Amino acid sequence: MTFTANALSVRYRAGVRRALSEVTMSVPRGSLYAVLGPNGSGKSTLMKALLGTVQIEEGVAAVEGRAVDEWPRRELARHVGAVSQAESTAFPLSVRQLVEMGRYPYLGPLRPMGPEDRAAVESALERCDVSGLAHRQVGTLSGGEFQRVRIARALAQEPSALILDEPTASLDIRHEMGILRLLKRSAREGVTVVLITHHLNLAARFADLLLLLDEGRVVAEGPVDQVFRSEILESVYRWPLSVTLDPITGSPLLIPLDQD
Amino acid sequence: MAVRGLVAGIILALATLAAILLSVRYGAVHLAAHEVLSVLLGGGTDTHRFIVLELRLPRALLGVLVGGGLALSGAVFQALLRNPLAEPYILGISGGAAAGAVLSLALGLTTAASWLLPGAAFAGALVAIALVFGVAISADRRLDVRVLLLSGVVVGAFFSACIALILSLAEAQTVRSAILWMMGSLGGVSWKGIAIVATYTLPACVLLLGMARALNLMSIGEETASYLGTEVEGVKRLAYGVASLVAAAGVAFAGVIGFVGLVVPHGVRLLLGSDHRILLPLSFLAGAAFLTLADLLSRVVLAPAEIPIGVITAFVGVPFFLILLRRSLQA
Chain S
1 MTFTANALSV
11 RYRAGVRRAL
21 SEVTMSVPRG
31 SLYAVLGPNG
41 SGKSTLMKAL
51 LGTVQIEEGV
61 AAVEGRAVDE
71 WPRRELARHV
81 GAVSQAESTA
91 FPLSVRQLVE
101 MGRYPYLGPL
111 RPMGPEDRAA
121 VESALERCDV
131 SGLAHRQVGT
141 LSGGEFQRVR
151 IARALAQEPS
161 ALILDEPTAS
171 LDIRHEMGIL
181 RLLKRSAREG
191 VTVVLITHHL
201 NLAARFADLL
211 LLLDEGRVVA
221 EGPVDQVFRS
231 EILESVYRWP
241 LSVTLDPITG
251 SPLLIPLDQD
Chain U
1 MAVRGLVAGI
11 ILALATLAAI
21 LLSVRYGAVH
31 LAAHEVLSVL
41 LGGGTDTHRF
51 IVLELRLPRA
61 LLGVLVGGGL
71 ALSGAVFQAL
81 LRNPLAEPYI
91 LGISGGAAAG
101 AVLSLALGLT
111 TAASWLLPGA
121 AFAGALVAIA
131 LVFGVAISAD
141 RRLDVRVLLL
151 SGVVVGAFFS
161 ACIALILSLA
171 EAQTVRSAIL
181 WMMGSLGGVS
191 WKGIAIVATY
201 TLPACVLLLG
211 MARALNLMSI
221 GEETASYLGT
231 EVEGVKRLAY
241 GVASLVAAAG
251 VAFAGVIGFV
261 GLVVPHGVRL
271 LLGSDHRILL
281 PLSFLAGAAF
291 LTLADLLSRV
301 VLAPAEIPIG
311 VITAFVGVPF
321 FLILLRRSLQ
331 A
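Line order of the protein sequences matches chains S and U. Numbering of the first sequence is given in my numbering, commencing with residue 1 and proceeding in unit increments. Numbering of the second sequence is given in my numbering, commencing with residue 1 and proceeding in unit increments.
Hints are not guaranteed to be accurate.
Unchecked claim - Over 12 Å on every C-beta distance to chain U, these chain S residues come out as not near it, computed from the model: (1) Pro38; (2) Ser94; (3) Asp129.
Claimed, not checked - Covered stretches of chain S, going by a simulated chain U footprint (3 or more residues, C-beta under 8 Å): (4) 50-63; (5) 252-259.
To be clear, the hints were calculated from the coordinates, so they are not data collected in a lab. Since we're looking at a predicted model, the values are computed, not measured. No residue lacks a Cβ here, since even glycine has one placed at the ideal position from N, Cα and C.
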């Protein structure tokens, strides 16, 4: 799967500033592509635009070269798994029920789940380290557990692309690293991964490509060493910082400085 | 879970059947079982035939259709609006129907033809549905369920004011008929009425049952539902339109019967969980059995007088629901 945006603009309401303004970007197949930018820079809106859940004002958002609003939702859901920033369940559900919803794009209105559906659910539960929670009610989970369950549901879709909006925001170190390794491995296996995150150092360490947004516009897009530069990041985040190399991993390391 | 659902389904189907038979047998005149049986087999005295076939059987079947329809549409509205307090009337349907009914009573139209009262009520409900839908289709042509909820409540308030205005100008006898109608009753329905309600209710129910998976997804949020393959806008419109029609047909023939659409889906949910593939059909059956039995009670408790059926649904439903709620919190 590839994602592309061409001069893409989104405006939530007439008269207000565009949430995205003439964004052109492209996510190649099988890459781990991280989207960075300050609060309100349009990261989540870009995800919604690429997935067709927000009205596009101008330009084109395309999945695999086909405009996103031309995809039937069921077909898109068989190819792309998405985890939005937040969700809440209106009624009590078990973890297994929630993850099983990842199989819905493969099932008709009445057909029950078959062995391959069950296998996909089990494997997704296992890969996100939530098998032991399968019988718990979703409402009793911690924030981090719920997040991993939602990622498991996206994996149960057996997608060839994943888009995740701050998936590790409430995870502890062990689970954050676990999810990032899982995403990296998925990318190596040919799954396209788009990761929206505020964890700049982890993005620099794991991503193949970075996109840096500010006020709805693209500031930079490209390999990590071209985008992850102190002068670019300083101007976008409006804070003095320095980029060095992590002595242990060898990847770029951003250090915020004191403002004097 | 599927096995539990199936067992509960069989029990509730039998309960509905039992409710119909009890409802046919008991009333102001109690019949013996063999008397009911002989009528159902085509025999019996003329009086018994009249009581069973013209009075009680249509009434029991109306209970099944209206009770099942209200419970089912309540469950659908709760999923669609993601709000456990949603019920079939929350979107102004009862207000519109009542305004239509009261207007036809005040104008004295109901003596002209028996279909005029339900016809006017149904027309009022359709006006309410159209108004609420028209407002909730926002500028970018998406149906916003928060707006749907708000405009439903406001449209309901508007029709309440209309009813108050009409009643304040009407004669005492009209006021009494109007209030009795608004309290709801299954009485006085003809076979033709049953045929009309069934035509609206049964296909609509089959359609809603087919949307169970989509409603599972809708209840975890529209954005996530889209990502899991749901055509959200289509589902919202279809579910809203169809569930509203079911509620409108029920309210037109049985008046405003509260409580079934709110309490029955929650009762089923507390016992069997929130999977709409189980919740929707079992809500229909539970609502059908519940309303038919409530109607029976309303006829026999103070026979020959009738208690408004809404009183029974609340008196039986509230304690039952509180016990269920308490039990689920302890578990």
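Per-stretch coverage check for the stretch 252-259 of chain S, three Cβ contacts closer than 8 Å to chain U: It is violated, with 0 qualifying residues against the three required.
Interface exclusion of S/Ser94 relative to chain U, criterion Cβ beyond 12 Å: 8 Å, violated
Exclusion check [S/Pro38 not at the chain U interface, CB over 12 Å]: Per Cβ check, S/Pro38 is outside 12 Å of chain U; nearest 23 Å; holds.
Assertion that S/Asp129 lies outside the chain U interface [Cβ separation over 12 Å]: 21 Å, holds
Claimed coverage, the stretch 50-63 of chain S by chain U - three or more beta carbons nearer than 8 Å: holds (count 4)
Hint compliance for this structure: hints 2 and 5 are not met, and every other hint is.
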